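S.K.: Letter by letter, the chains look like this.
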Amino acid sequence: MPKQIYDVIVIGTGAGGGMAIKTLCQAGLKVCALNAGRQLDPEKDFRYHRRSWEMTYRGFGDPKTRMENTPDFLDSEYNKGAWEHDITYTTAPDTKWMWPRCSAVGGKTNFWGRSSARFSDIDFKSATLDGYDTDWPVTYEEMAPYYTRVEKMIGVASTVQNRPSNPDGVYLPPFNFRCLDMIVQQGCQKAGVPYLPDRIAQLTVAHEGHPACHYCGDCTFGCDVGAFFSSPWFLLPAAEASGNLDLRTNAIAKNILMDENGLASGVAYIDRQSRRDYEVHGRTVVVAASCIESARIMLNSKSRQWPNGIANSSEQLGRNLCDHLYADTAAGYLPQLLGQPSFPDNVSANPIAWMPRWQNLTNAHEEKFIRGYSVYPDGGCSEFPSYYDRIDGFGSSFKRDIKRRYPTPITFTVQAPTLPSEKNFVDIDPTVKDSFGIPVARIHFHWGDNELKMFRHAKQICADVMDSAGGVLENSADEPQSPGYSLHETGTCRMGNDLKKSVTNRFGQSHDIANLYVCDASVFLNCTDKTTTLSILAFTLRTSEYLLEQFRRGDH
Amino acid sequence: MAGQSIERREILRILGVAAGAATFPGFSKWAFACGHVGNTPTQIKPAEYRPLFFTPVEYATIARLSDIIIPADDTPGASEAGVSEFIDLMVSRDPALQRNFRRGLNWLDAHSQKTSGKIFLHCKREQQTAMLEPLAYKKKFQIDEEHGRKFFALIRQYTVMGFYTSEIGLKELDFPGLNFYADSPSCPHKDDPEHRHLAPPK
Chain P
1 MPKQIYDVIV IGTGAGGGMA IKTLCQAGLK VCALNAGRQL DPEKDFRYHR
51 RSWEMTYRGF GDPKTRMENT PDFLDSEYNK GAWEHDITYT TAPDTKWMWP
101 RCSAVGGKTN FWGRSSARFS DIDFKSATLD GYDTDWPVTY EEMAPYYTRV
151 EKMIGVASTV QNRPSNPDGV YLPPFNFRCL DMIVQQGCQK AGVPYLPDRI
201 AQLTVAHEGH PACHYCGDCT FGCDVGAFFS SPWFLLPAAE ASGNLDLRTN
251 AIAKNILMDE NGLASGVAYI DRQSRRDYEV HGRTVVVAAS CIESARIMLN
301 SKSRQWPNGI ANSSEQLGRN LCDHLYADTA AGYLPQLLGQ PSFPDNVSAN
351 PIAWMPRWQN LTNAHEEKFI RGYSVYPDGG CSEFPSYYDR IDGFGSSFKR
401 DIKRRYPTPI TFTVQAPTLP SEKNFVDIDP TVKDSFGIPV ARIHFHWGDN
451 ELKMFRHAKQ ICADVMDSAG GVLENSADEP QSPGYSLHET GTCRMGNDLK
501 KSVTNRFGQS HDIANLYVCD ASVFLNCTDK TTTLSILAFT LRTSEYLLEQ
551 FRRGDH
Chain W
1001 MAGQSIERRE ILRILGVAAG AATFPGFSKW AFACGHVGNT PTQIKPAEYR
1051 PLFFTPVEYA TIARLSDIII PADDTPGASE AGVSEFIDLM VSRDPALQRN
1101 FRRGLNWLDA HSQKTSGKIF LHCKREQQTA MLEPLAYKKK FQIDEEHGRK
1151 FFALIRQYTV MGFYTSEIGL KELDFPGLNF YADSPSCPHK DDPEHRHLAP
1201 PK
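Those protein sequences? They're chains P and W, same order as listed. All residue numbers for the first sequence refer to this note's numbering, where the first residue is 1 and numbers rise by one. All residue numbers for the second sequence refer to this note's numbering, where the first residue is 1001 and numbers rise by one.
None of the hints are false.
In silico DSS-like pairs for lysine-lysine, Cα to Cα no more than 30 Å straight-line:
1) P:K80 to W:K1171
2) P:K403 to W:K1171
3) W:K1138 to W:K1118
4) P:K403 to W:K1138
5) P:K125 to P:K459
6) P:K459 to W:K1138
7) W:K1139 to P:K403
8) W:K1138 to W:K1124
Hints are computed from structural coordinates only; laboratory data are not their basis. This structure is a prediction, so every number in the text was calculated from the model and none was measured.
The following block holds chain P by itself, in its conformation from the complex:
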């Protein structure tokens, strides 16, 4: 039997992979998608609709297997089995990096935080504005139509805000402000910082055949009705319906194959269950495995022609790793709400409002740091009263205080972008292999001065806001969360016009290998103060249509 040659092999099914798969399949290309993990079954794998007392360990997870120092949403009993454990990684001796990965079909879009702000020219032209690094090879004008199409596709709830760093888009009705939003907004007004509805890819009304949110609780454990954007609910069904998709699950991509002409010819992968090696062949290859994993696959694709990894003539593969510094810059409570009846204000266990970047807007150097950060405020009646450890004592008074404070908690989280740095990169560990025999990624990363200045600045501002809102500040992080905590890593396959300084061109196509594309946050020059998913979708939509154009022209 002649071996099958697909039009496109896509590695990964998350935001980038999902969008590429949908766009290409609907256009009539035959696509083989490789996904490192299994399919999730919303009914079995998303357990949020269960009560805590119906869970063996009340939702805390088995103490015997619970990983230390991981965020709560990881390996909770509510989504146990969805996050990656088998594929390991290493860090340079003085690097701390937490790397939560979801290898299930749809990847992290199953559980993401849903904040969806557009990047803008203040991001794309940041080097021109402040002299650091280089500009993006795209303009906002060029990207805006793609953002609009993505927003219409996935549904984003927000308002028109006319802020220089945050171009407005096409929005569903916003989330209503809760008591805590009203109070903190007053405080922000006095402190001179913005407090506005966030842009949230969560359906406040039914949209494009998807039901409206019913505000049951914690979206970070997955949505069993598909009322917020995820690749399996919004992208993959259309691809499957086209009849052009061959989705292979538990297929761990090992390396990209090449033909004698120096073009990509397919992908070698290992079946997770049988541990057997397979190859799949195609006319083009799209890498969309998420930033570090994409770099790892390409760095592991070595040949005589590419001793340091495929498509790496620039030596920039794995470089420019960026991440968001996260920290709880202020935590405390709002005494105005003490003893008030409980209120369903923790409707998604994620912020519905934000304090969008307000620094260095008119003058790139008005602060002691360059560029800017955003802050997410959140609080209210969450399921578990984790503020108990800020209350002394025991007995009836302790119990009464826990009850009185139930509607009052408030926390501010800073989202500060790192600047690209030579010290922050991914390479392949020369000695360590994972349990499938594939050399692992080794991460080198440190916070830089600029983001640490933002962290300290945000602490001061959040303390001021808390004070002017009449809140009581009880805690402020001394150190940021470990790098990797935000799950917003970018870089490693940077796009650019200069062949010597970038891995792909402005369309995400490899400079070196014309039929190799990258469709995830790897191509971003930095992480900006905004989250990555909406931009991954918009950039991928653009790359996919560029790829289709090459097919039409007969180049692939």
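Take the given structure of chain P and dock chain W to it, following the hints.
M.R.: Okay, now just chain W, sitting in the frame of chain P:
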């Protein structure tokens, strides 16, 4: 429902035998819901619980401590919510927790012997609370009681975890989640954005 039965089966496996579940107040409802177990509701009596990890005296001490931390008053407390069973289950799964709990209980009994000539469990309630106060309130902290304070923080943490994840505990808080809301919940005090004039709490 299919998904739930896996968890139920797992707990029964941990308990060793299905019959054990019948004497397990926190979990009796689950065993009952599991059709194949063969118990009828009348057989399920929350009687003597056989701890998975703790000795009987240790277990009774844990139960007493959790009841002092979250007592029954106008509303039910830790024992009604099955908190000591929860703590025993969690501790049974983790050697590090086992060491910390056992070391802490030993400290408490040694401390109690020194101050009142009896182990903690055999002291009167007033003596017990008097012993715990310096461990629980920053203002009353004593030197040389660091081990005791650490243990108290640990048992308090697990008591809170067990209580506020139980049906009773979430009812106590009037947890508003896991409901169906037609619209995103909206502040009902729009005319008072600073919330300075709310009705006083009941």
